[in-house]
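Let the sequences and hints guide you as you build the complete structure.
Given next are the chains, with one letter for each unit.
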Amino acid sequence: MYIIESGNVAAALGVKLAEAAVIAAYPITPQTPLTEKLSELVDAGEMDAQYIPVESEHSALAVCIAASSTGSRTFTATSANGLLYMNEQLHWAAGARLPIVMCVVNRGIGAPWTVWNDHQDSISQRDAGWIQLYACDHQQIIDSVLKAFRLAETVSVPVMVCYDGYILSHTYMPFELPEADQVKKFLPAFTPEYFLDPACPKNLNTVTLPDIRPDVRGNAAPGYMEIRHNLHTDMRKSLDVITDIEKDFKEIFGRGGYPFIEPYRVNDADYVALCMGSLSYHLRDVIDMLRDEGIAVGVAGLRVYRPFPDKAIADAFAHKKGLIVFEKALSYGNQGALFADVKAALYAKADRPFVRNYILGLGGREIQTSQLADVLRSSCRPSSTTTDTPEWIGLKL
Amino acid sequence: MTVKTTILNLPEEEYVHPGNRACSGCGLSIIYRIALKALGRDTILVVPPSCLTVLQGLYPIAATQLPCLNVTFASTAAAATGVLGALRAQGREKTTVAAWAGDGGTADIGLQALSGACERGENFIFFCYDNEAYMNTGVQRSGTTPRHVLTTTTPITGKAQKSKDVPAIMAAHGLDYVATASASYPLDLYDKTLKAKTFYGPRYLHIQTPCPAGWGFSPELSVKIGRLAVETGLFTLYEIENGQFRLTGQSAKMLGKKRLPVRDYFKTQTRFKTLTDDNIDEVQEEVDLKWKGYENDCALHAGIEYQGVKS
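Those sequence lines, one after another, are chains F and X.
Be aware that the first sequence starts at 1, since it is given in the working numbering, and climbs by one per residue.
Be aware that the second sequence starts at 1, since it is given in the working numbering, and climbs by one per residue.
Quick caveat, the hints were computed from the structure, so don't treat them as lab data.
Only a predicted model underlies this, so the values are computations on that prediction, with no experimental measurement involved.
Beta carbons: idealized from backbone N, C-alpha and C, even for Gly.
Check the hints yourself; a few may be wrong.
What the hints assert, rightly or not - Just so you have them, the derived chain F footprint on chain X, three or more residues with Cβ under 8 Å:
| id | segment |
| --- | --- |
| 1 | 30 to 44 |
| 2 | 86 to 99 |
| 3 | 127 to 136 |
| 4 | 233 to 239 |
| 5 | 271 to 283 |
Stated by the list, open to error - Computed list of lysine-lysine pairs in BS3-like fashion (alpha-carbon distance at most 30 Å, straight line):
| id | chain 1 | residue 1 | chain 2 | residue 2 |
| --- | --- | --- | --- | --- |
| 6 | X | K94 | F | K202 |
| 7 | X | K159 | X | K292 |
| 8 | X | K292 | F | K202 |
| 9 | X | K94 | X | K4 |
| 10 | F | K184 | F | K250 |
| 11 | X | K159 | X | K195 |
| 12 | X | K257 | X | K195 |
| 13 | F | K311 | F | K321 |
| 14 | X | K37 | F | K202 |
| 15 | X | K159 | F | K202 |
| 16 | F | K343 | F | K396 |
| 17 | X | K197 | X | K159 |
Said to hold, decoys possible - Quick list of the computed label-pair ranges, beta carbon to beta carbon:
| id | chain 1 | residue 1 | chain 2 | residue 2 | range |
| --- | --- | --- | --- | --- | --- |
| 18 | X | N242 | F | E40 | 49 to 59 Å |
| 19 | F | K202 | X | L8 | 25 to 35 Å |
| 20 | X | E14 | F | R228 | 27 to 37 Å |
| 21 | F | A220 | X | E14 | 21 to 31 Å |
| 22 | X | A172 | F | E36 | 44 to 54 Å |
| 23 | X | R246 | F | A199 | 32 to 42 Å |
| 24 | F | P112 | X | L255 | 55 to 65 Å |
| 25 | F | A189 | X | G243 | 35 to 45 Å |
| 26 | F | E193 | X | R41 | 21 to 31 Å |
| 27 | F | P112 | X | D277 | 46 to 56 Å |
| 28 | F | A111 | X | P155 | 33 to 43 Å |
| 29 | F | R228 | X | L255 | 51 to 61 Å |
| 30 | X | I156 | F | K396 | 36 to 46 Å |
Below, the structure written as structure tokens:
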């Protein structure tokens, strides 16, 4: 069934279909309609879940961490400074290997205050040990929420589903509502390996020494470093899991099929624009326009940022002439974080494209189609070279 | 309900292993062991970083036989909320959820989450073991460190401010059960924990917990010093049950009787060594005024008691 709803409601309906049992959230623009919808669904008895209206984002994730540790499927959502207020808890959730799913409705960070969209909030949390998925439209939001629960619970790593504030969260779009029986087939019930239970007491997250240490039976238990190595290794392994889940999803729902990179007119392109979120769909119009002008350019939307699908990127783009990376975030004092990652992914390839970096849309600065077209016209040339410093689109100095 | 447990009918089952990592003479090791007996096996614990984190032991060995979730410093009460949410979702509501935080984890960094959880009416028992400074990190001042006390962050002239009255803050949330206890009266704590278990909603127990290393006394004196705090009237044992305040245990016995001078307490600990005679006289006056309040039964001068009686 197709329905027309906002991106935030798409996310809420995904959480309902996933049957999250404990939801905790604190309001922040532009996430609020998502949590309002969830509280409404629970209050109306349409969703059998505990909705806990906490007093801060730090506590929202605390509730999810504890509820997940007690064996329930959990969900929260936030934006911008709310995500940053969770920072310590983000690391904690990942370190404790809890399959929490969180929507990050992307918004710029203060100071100065902004409520508008960019990606600095989630990108700044890239090293927190969470998987990060990015959605381009409402269909991908609801689908990604379902995939995120399955992924998180398969690899025991928390997952962020990121989507653009206002551009997706507050706009209305038709999308197909997954059928509940299909969801049941795709997403099995949450059955954690261990959880807080007086019948089988465990002391979770105790102080762990630098070196390995035997337990009471003499078996070596991992030290802190082994625990970190396991998280990293499982994050890398999750690349394969993401591929498998995408395949299953397509079989059951008939949609998707692009685990990492969603290409548009990329196959026969010499140049590829690469970005995350709704911008990649915006760029499709630009690509059509430039194709009409004879420029062999395509666009690729990156769906997964952590773990970084470096091999998929290298395989997809190493043979291209040029890659133009558009980013709504910046690693201050260096360059776009995605840009740096993309260059590193291509480094192993002897024959690699030039890579250029454009920063745009920070704090909701309007991104005009004509600006994107101009940048691509000037970049998509054999004479272009790789840059180290990003260029800014629409900057008015 | 008035229960009087004695050492003869205290349950024999232990939930805390001996040989744990608490310092010798640690007040916490007394109350943790005794209160867990009252909480019983069907309990889930939530613990932020504190001396208790150390007492619990180092991975993969734990000193506590109950399931325990170690959480971030500021999140204790929110984490207890999460455990409760999952238990409700799974129909496991009979399990008791108990949080154990130090004074910093309760009165300072943990206060927002605690206040939020109390306002939401979460069904947990929150134990604050108050050793009156950040002992686990090496005796830095906290919100409950009393005035004049030397800590490593008030090292020369002592803390200038009075301590924060956390039970009063909790009582102001309209909790059905708020009580104080002392590590030196463990059976009183045991009975109060049993009583706390009979209520639904947030319940708060504030336990004064002598700390030899942080307070500057010899480990064998822990119980004596905790008793002195009560016997001098500095620390009061009481409970506020459904808004009704009453003195309990040793404090109740002291009503209308002569108390030991506060000087007797101050001279036992090096943390008070910069107190002048004037300082001591001033504190004595405050304590006398507080007890006058108890004796007048209107407790206008006693802060917490006033709140309790009014509601």
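Status of each hint after checking the structure:
1. With a threshold of 8 Å between beta carbons, the proposed coverage of the segment 30 to 44 of chain X by chain F holds, since 4 of its residues qualify and at least three are required.
2. Check result for the segment 86 to 99 of chain X against chain F: holds, 6 residues qualifying (beta carbon to beta carbon below 8 Å, three or more required).
3. Closer than 8 Å: that is the beta-carbon criterion, and the segment 127 to 136 of chain X has 0 residues meeting it against chain F, so the requirement of 3 is violated.
4. A count of 0 residues in the segment 233 to 239 of chain X with a Cβ less than 8 Å from any Cβ of chain F is obtained; the coverage claim is therefore unmet, three being the minimum.
5. Residues of the segment 271 to 283 of chain X lying with their CB closer than 8 Å to a CB of chain F number 0, which falls below the three-residue condition for coverage.
6. For the given pair, X:K94 sits about 19 Å from F:K202 by alpha-carbon distance, which is consistent with the 30 Å threshold.
7. Taken as a hint, the X:K159 and X:K292 pair is honoured in the structure, with Cα atoms around 26 Å apart against an allowance of 30 Å.
8. For the hint pairing X:K292 with F:K202, the CA-to-CA distance comes to about 49 Å; that exceeds 30 Å, so the pair is violated.
9. Among the hinted pairs, X:K94 with X:K4 is consistent with the structure: their alpha-carbon atoms are about 25 Å apart, no more than 30 Å.
10. For the proposed pair F:K184 and F:K250, the alpha carbon gap of about 15 Å is at most 30 Å, so the pair holds.
11. Taking the CA atoms of X:K159 and X:K195, the gap is about 35 Å. The hint is violated against a cut of 30 Å.
12. At roughly 27 Å between alpha-carbon atoms, X:K257 and X:K195 fall within 30 Å of each other, so this suggested pair holds.
13. Between F:K311 and F:K321 the CA atoms are separated by roughly 18 Å; this keeps the pair inside 30 Å, and the hint holds.
14. Between X:K37 and F:K202, the direct Cα distance comes to roughly 18 Å. Compliance with the 30 Å bound is thereby established for this hinted pair.
15. Between X:K159 and F:K202 the alpha-carbon distance is near 40 Å, which puts this suggested pair outside the 30 Å criterion.
16. Note on F:K343 and F:K396: the hinted pairing holds, with a Cα-Cα distance of about 28 Å set against a maximum of 30 Å.
17. Distance check on the hinted pair: X:K197 and X:K159 sit about 36 Å apart at the alpha-carbon level, beyond 30 Å; violated.
18. As the Cβ distance of X:N242 to F:E40 is approximately 34 Å, the hint placing it in 49 to 59 Å is violated.
19. Look at F:K202 against X:L8: about 34 Å separates their beta carbons, and that is inside 25 to 35 Å.
20. The supplied range of 27 to 37 Å is met by X:E14 and F:R228, whose beta-carbon atoms lie about 35 Å from each other.
21. The hint said 21 to 31 Å for the Cβ distance between F:A220 and X:E14, and at roughly 28 Å that hint holds.
22. For X:A172 and F:E36, the Cβ-Cβ distance of about 30 Å falls outside the hinted range of 44 to 54 Å, so the restraint is violated.
23. Remark: the range hint 32 to 42 Å for X:R246 to F:A199 is upheld by a beta-carbon distance near 38 Å.
24. For the pair F:P112 and X:L255, the supplied restraint of 55 to 65 Å holds, since their beta-carbon distance comes to about 59 Å.
25. Between F:A189 and X:G243, the C-beta spacing of about 44 Å keeps the proposed range 35 to 45 Å intact.
26. Hint check: F:E193 to X:R41, Cβ distance near 22 Å, so the stated range 21 to 31 Å holds.
27. The supplied range of 46 to 56 Å is met by F:P112 and X:D277, whose beta-carbon atoms lie about 55 Å from each other.
28. Taking the beta carbon of each, F:A111 and X:P155 are about 35 Å apart, inside 33 to 43 Å as hinted.
29. Between F:R228 and X:L255 the Cβ separation comes to about 57 Å, which falls inside the hinted range of 51 to 61 Å.
30. Here the CB-CB span from X:I156 to F:K396 is close to 55 Å, at odds with the stated 36 to 46 Å.
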